[in-house]
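If you're matching them up, the sequences are chains A and B in order. Under the working numbering, the first residue of the first sequence carries the number 1, and numbering increases by one thereafter. Under the working numbering, the first residue of the second sequence carries the number 1, and numbering increases by one thereafter.
Since the hints were made in silico from the structure, they are not lab data. Just to be clear, a hint being listed does not mean it is correct.
[Claimed, not checked] Derived EDC-like pairs: lysine to aspartate or glutamate, alpha-carbon spacing no greater than 16 Å straight-line:
#1 K252/B to E102/B
#2 K247/B to E38/A
#3 K318/B to E190/A
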Amino acid sequence: MSADSKTSLVLVSLSVAFVALAALFQSELFGKPKLPAEVPLASAVVTNTGTIRFSANDLIKAEGDVSGMDCYACHEEGKEIKLPIDENGVVVLPKEHADLIFGRRNCAACHDESEAVEIKWDDDGNVILPEFHKDLVIRHGRNNRNNGCFNCHVNDKLNELQTRNGERLKLTESTRLCASCHGPTYSDWEAGIHGRTSGYWNRELGEVSRKECTSCHDPHAPIFPSLKPAPKPHALHAKAEAEATVDDEQEH
Amino acid sequence: MQKRKRKQPWTTNRNTRIMPIEPPKRYRDLPSPTAAHDSGISRRSFLRASAGLAASVAGIAAALTPLRDLDEFPSVEEFLQKHYKELGKEEMDEVLDRISGEVERQYGIRPHLRDLKPMNGVEFVYALNLTRCIGCRKCVHACVAENNQSRSPEIQYIRVLKMPNGTLDVERSQHDYAPATVPEKGFYYMPVQCHQCKNPPCVKVCPVKATWQEADGITVIDYNWCIGCRYCEAACPYWARRFNFAKPSIPKEKINPNMSYLGNRPRPKGVVEKCHFCIQRTRAGKYPACLEVCPTGSRKFGNILDPDSEVSYILKNKRVFVLKEEVGTSPRFFYYFDI
Numbered sequence: 001m002s003a004d005s006k007t008s009l010v011l012v013s014l015s016v017a018f019v020a021l022a023a024l025f026q027s028e029l030f031g032k033p034k035l036p037a038e039v040p041l042a043s044a045v046v047t048n049t050g051t052i053r054f055s056a057n058d059l060i061k062a063e064g065d066v067s068g069m070d071c072y073a074c075h076e077e078g079k080e081i082k083l084p085i086d087e088n089g090v091v092v093l094p095k096e097h098a099d100l101i102f103g104r105r106n107c108a109a110c111h112d113e114s115e116a117v118e119i120k121w122d123d124d125g126n127v128i129l130p131e132f133h134k135d136l137v138i139r140h141g142r143n144n145r146n147n148g149c150f151n152c153h154v155n156d157k158l159n160e161l162q163t164r165n166g167e168r169l170k171l172t173e174s175t176r177l178c179a180s181c182h183g184p185t186y187s188d189w190e191a192g193i194h195g196r197t198s199g200y201w202n203r204e205l206g207e208v209s210r211k212e213c214t215s216c217h218d219p220h221a222p223i224f225p226s227l228k229p230a231p232k233p234h235a236l237h238a239k240a241e242a243e244a245t246v247d248d249e250q251e252h
Numbered sequence: 001m002q003k004r005k006r007k008q009p010w011t012t013n014r015n016t017r018i019m020p021i022e023p024p025k026r027y028r029d030l031p032s033p034t035a036a037h038d039s040g041i042s043r044r045s046f047l048r049a050s051a052g053l054a055a056s057v058a059g060i061a062a063a064l065t066p067l068r069d070l071d072e073f074p075s076v077e078e079f080l081q082k083h084y085k086e087l088g089k090e091e092m093d094e095v096l097d098r099i100s101g102e103v104e105r106q107y108g109i110r111p112h113l114r115d116l117k118p119m120n121g122v123e124f125v126y127a128l129n130l131t132r133c134i135g136c137r138k139c140v141h142a143c144v145a146e147n148n149q150s151r152s153p154e155i156q157y158i159r160v161l162k163m164p165n166g167t168l169d170v171e172r173s174q175h176d177y178a179p180a181t182v183p184e185k186g187f188y189y190m191p192v193q194c195h196q197c198k199n200p201p202c203v204k205v206c207p208v209k210a211t212w213q214e215a216d217g218i219t220v221i222d223y224n225w226c227i228g229c230r231y232c233e234a235a236c237p238y239w240a241r242r243f244n245f246a247k248p249s250i251p252k253e254k255i256n257p258n259m260s261y262l263g264n265r266p267r268p269k270g271v272v273e274k275c276h277f278c279i280q281r282t283r284a285g286k287y288p289a290c291l292e293v294c295p296t297g298s299r300k301f302g303n304i305l306d307p308d309s310e311v312s313y314i315l316k317n318k319r320v321f322v323l324k325e326e327v328g329t330s331p332r333f334f335y336y337f338d339i
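Pulled out of the complex, with its shape left as it was, chain A reads as follows:
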């Protein structure tokens, strides 16, 4: 084969290859790369800066409607209350106070307005709490050791609080009551380390707003409740995302 015909052969085959490739790209015969599915927008709830509960303290300070908190609608003023105690020495909570914790939860901190919440009742007409809300029980202290109402409330003056050394406090001064036992946490809170802070880090440019203990901790069950986590990250590649979704479906 002469050098001339070799050159022609190479040139012709190269042209054919390039023309074929160009045609393939143009006609998208290989198909376009598969794009990941549209990621759904996260609910506005996850960017809600509200606290997880409404405290009586906040309600009174905001001059809200506190008529539901009138102890003397049922109890007689100045009269001592005998606590019913079971054989294990644990206080039996009267039915009237069963909503003590649930009633103060800020549902909007986790649930979206558009989200339908299905409520189920048992045969006695009581709401069946989903597994998710089972942590809502009176439990101050991990070992049921501080469940006596009158460790904090005053027995014969129900809308007042008292520390263990007898100091009387108003409902709005609950933070000092907490401080009377939880010293180190209180000093952290005073320094701005414990609890929520919002507003301005630069105090010259604006104000900082602090929350008090009961805005996040329920005094009757102070451990921070479990929350529904916000959506997990989505994979960037369609294949990885499809695999992750399959894994999730298998788990549930």
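Put chain B on the given structure of chain A with help from the hints.
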């Protein structure tokens, strides 16, 4: 007496002779350039030349095919824009005005776009309480909303790692946990984002100086200068940088109009972005968005040069550590425990 030689025209004054140069033998037999005109182009050479031409045109066309998907060309001003540090006050104002116009055209809202400068005597530090974090990921989404990150494909600056109790090994962590409720028993949660290192590897590797450390400790990116080589993404030991593989998609109603040039203005396709401590908030004295939304108050932020600040208290009084201390980045992001 020797007869005087007649001076030859090719001799020089120094009497050195220059020989006329003959062309090398192999060229001698070639027809002169004018010969082609006499014989015309042969059929073969014409076909060969056309095939070559067609091949090169087709090859170029094939190589340029991806350009069909290119719909946005930068304007001349954008193309000729100087580096951030070389922009004067008036030039910067023009740039801000131009970008505001682009945002308005694209999202239908005139942004409050500023170029906030570092404050004197301020160095930002972040501290995160691992005892309190419950892994609810609210910070992740508050960050996305504040910083105009792409929703689809998804770009998130914060990654919350679920770690088994008693370990500190990111290799064993999980970031795609999705239980009904958090925290889960036996695990703790460690959110990771840009650590704003004092010795940032990402800045060292940038070939075009599109990313640098500012006086207040924030490592920033000029999205107009970034060439998208992703070296910084590879250099970061904290997996803090994200690349815009596609044009970011942000619903119009979700745009945060409070913008900063080096911060949360909408990014083009093909640039790198990352956490900048909410520069548009923090340089105006506010706390970052991830801190504001945290339901447990695990996140603390402030000026480390102020001895009365919250972060100073934490560094003085708490057991503090930094992630991957051994890589020598000296982060400005601290983790601590308080029980």
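Status of each hint after checking the structure:
{"no.": "1", "hint": "K252/B to E102/B", "verdict": "holds (13 Å)"}
{"no.": "2", "hint": "K247/B to E38/A", "verdict": "holds (13 Å)"}
{"no.": "3", "hint": "K318/B to E190/A", "verdict": "holds (15 Å)"}
Against the hints set out earlier in the document, no violation occurs for any number.
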